[in-house]
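> Residues per chain, in single letters:
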Amino acid sequence: MQESANRYPGLPARSLRSGDAGVFVSADAGLEREFEARLQESSALAVRVAFSVLRQRQDAEDVAQEAFAKAYRRFASLRDPEVFRRWIVRVTWRLAIDRWRADRRRRAREEVANVEPVAADAEEAASAARRAARLWECIDALPEKLRIVIVLSAIEGHGVQEVAGLLDIPAGTVKSRLFLARRALAEKLRCLANNPEG
Amino acid sequence: MSREQSRRLVDELERDLRQALTLEPSADFARQVRARIERTPRRTWPPVDMPWLAAAAAVILIALAAWWQTARLAQPLDRVPAGTTAAVDVLLERAPEPAPSPKPDIVVRPRRMVRAASLNVSPEPEVIVPPDAARALARFLRLTRSGAVNADQLPAPASSAPPEELSIVPLAVPSIPVPVIDILGGAAPSGAGPQ
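Protein chains in written order, with our numbering: chain A, 17 to 214; chain B, 706 to 900.
Extracted from the complex, chain B is given alone in its bound form (with noise of 0.2 Å):
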């Protein structure tokens, strides 16, 4: 098929579009629109748009979520959930609990709890301690309290010994002779030349 060929083809499908889209509306259209209006109830809930309310409800929830984040960040410490104090208890130097667990001695705690608990119990600053000397410290603690470890028996820490006396003796700077040039000529003076 040609473009011409296409073209008019396309021509006479809009001709035939324009000829099915003249339809005149029914003599009785308005009678009847003003029938479904006043068939339609009128609305009387919700009062206000919907766009309105669903904003309304987003802005409850969101207070609602923050009141109750906030709510459980300030809790005591006493009402955290059983299983989630032990790095507290190593942090605090509380007496661990008897029951042994074959899980971990560190439970890795979400930072909140942390925060919480410096919060709620300790005035100190949270103190940073990379993952490998917290556990250290733990297993230090946890030993020495069951009693493998005596602290009397571990190796004094090394002692640096004191400095020696530094006697400082001051500089002896000879004094330079510094010739006297004649630049009009003249010869220097006997014994004050360079040596």
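This is chain A alone, in the form it adopts within the complex (with noise of 0.2 Å):
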């Protein structure tokens, strides 16, 4: 338990925060080690979330440790599992967006270097290169809502019932929110497909 109260090198045992008022409140290692349950548990979807936007594994892992930083500060109104991957998923998100947003001009840049075919074989390199610039081009046309909801259902083989809930959102909104990515990715490959040069 000692061990565990100090998985967190210069934090006293007793230093983790109520989430709204900012006061420092009594916790005991307990809580210590449910953030980090918490920090396993979610670890890889944080990671995911954000390399949905990012792509790029360094900025994604970045993102994903801000995040669970800043639920680390508020944990004491997060220790519910299910509140706490739902507040994780919906930070991280806005976390990946908004480093997105500042570094489009570098990522651009990166993506460029990144489809240049640098393995032996050029032509499978360069055909996945191609894919995966096809597949990001249609994601990142799809508005947000709608992107979300395809991100975390191919995540972890979600279900609609467990994306409604990382969402915080009805069943049949995400239902009808699948649908409605779905066929616009369908015209996004439509127009791809009539014309290849994009």
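Quick caveat, the hints were computed from the structure, so don't treat them as lab data.
Yeah, the Cβ is synthetic: ideal placement off N, Cα and C, and Gly gets one too.
Hints may contain errors.
[Claimed, not checked] Incomplete in silico selection of chain A near chain B, CB under 8 Å:
| hint | residue |
| --- | --- |
| 1 | L55 |
| 2 | V63 |
| 3 | R147 |
[To be verified] Reference listing, derived: stretches of chain B covered by chain A, where coverage requires no fewer than 3 residues with Cβ under 8 Å from a Cβ of chain A:
| hint | stretch |
| --- | --- |
| 4 | 724–731 |
| 5 | 738–746 |
| 6 | 869–881 |
Grab the two chains, each in its own frame, and use the hints to assemble them into the complex.
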């Protein structure tokens, strides 16, 4: 227990704050253990959500870490696992969108560099790069509300109910947004097929 | 492109998306989160969350605005800025300023000024006068004070004659003879029939 309480070097065991008032509250090592458990459970989810926006592993991990640091500061109000996952998805998504907007120009340069074939099998690499570029072009063309739904449904095999729980919206709304997203994707793919040069 | 082809492409795209989003966080992800938590400075200011701070600031601002408005309405009339008291002068029959002004005779003041004047100067209740009548009264007062109009030369108000005495004659109602009707068929007595 003591070991668990000291997982965060430099911080005393009783250091978690209540979420709303920002006042230090008495928190035992159990709270630290809970945060550790949430971190283990949700880190992949947060990284994948960030990656769906940023497409850079390092950036995605950085944003996910920032989201967890924020969550730690208000963990007293996020102890419920469902609430925590919902919160971490929302905050990671917002942080990733903000980072993507800030780094748009730099990211465009990196993507251009990434699509250059560097593998031994240049043709195969070029094909994979084209395929990835098409994928993200279609995903990026979706409105944000549709994009988050289709991304979450693609992560960890989430079903409609799970996506609805993560976004805190009705399951019917998730279904209709999935339908609209797939229709928009089909439209985009049709456009790309008719005009491959974009 | 047929509907079937389109659906197949969308399925393929979703498969690619699922595959692209199978990445795992790096092995030292949790350690980096802890390091970041350690690096993050603790918040010392503001001592409360921003929404509460904003709400408190809004309440203080509203209270200050209400106090300022009340104080402004309650200030004495002699502290009302110059140029805004002409109508008050008219209402209170003060002597007008000697300096001629190209402005209209009546300065339309905000209602709060009238309320302030009535609060601080006159205990009389505010009388609502139509704008045309107020303008005419003000002009009449100004002309009278300047001597252009002599009140003695004005025609006297139309005098109404006292009402004549009315004599009310009591009504004379003649007696109405009522015939006696014999319902058994007998003749009515002479002289009692209808005339």
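> All hints are to be evaluated individually against the structure, with a verdict given for each.
Hint check:
Taking 8 Å as the C-beta cut-off, the interface hint given for A:L55 holds, the closest approach to chain B being about 6 Å. For A:V63, the interface hint holds, the least distance from its beta-carbon to any beta-carbon of chain B being 4 Å, beneath 8 Å. With a cut of 8 Å, the hint placing A:R147 at the interface with chain B holds, because the nearest CB-to-CB distance is about 7 Å. Note: the stretch 724–731 of chain B has 7 residues with beta-carbon separation from chain A under 8 Å; the three-residue rule is met and the coverage holds.
With 6 residues bearing a CB less than 8 Å from a CB of chain A, the stretch 738–746 of chain B meets the requirement of three and the coverage assertion stands. Against chain A, the stretch 869–881 of chain B contributes 0 residues with a C-beta closer than 8 Å to a partner C-beta. That does not satisfy the three-residue criterion, and the hint is violated.
Hint compliance for this structure: hint 6 alone is broken.
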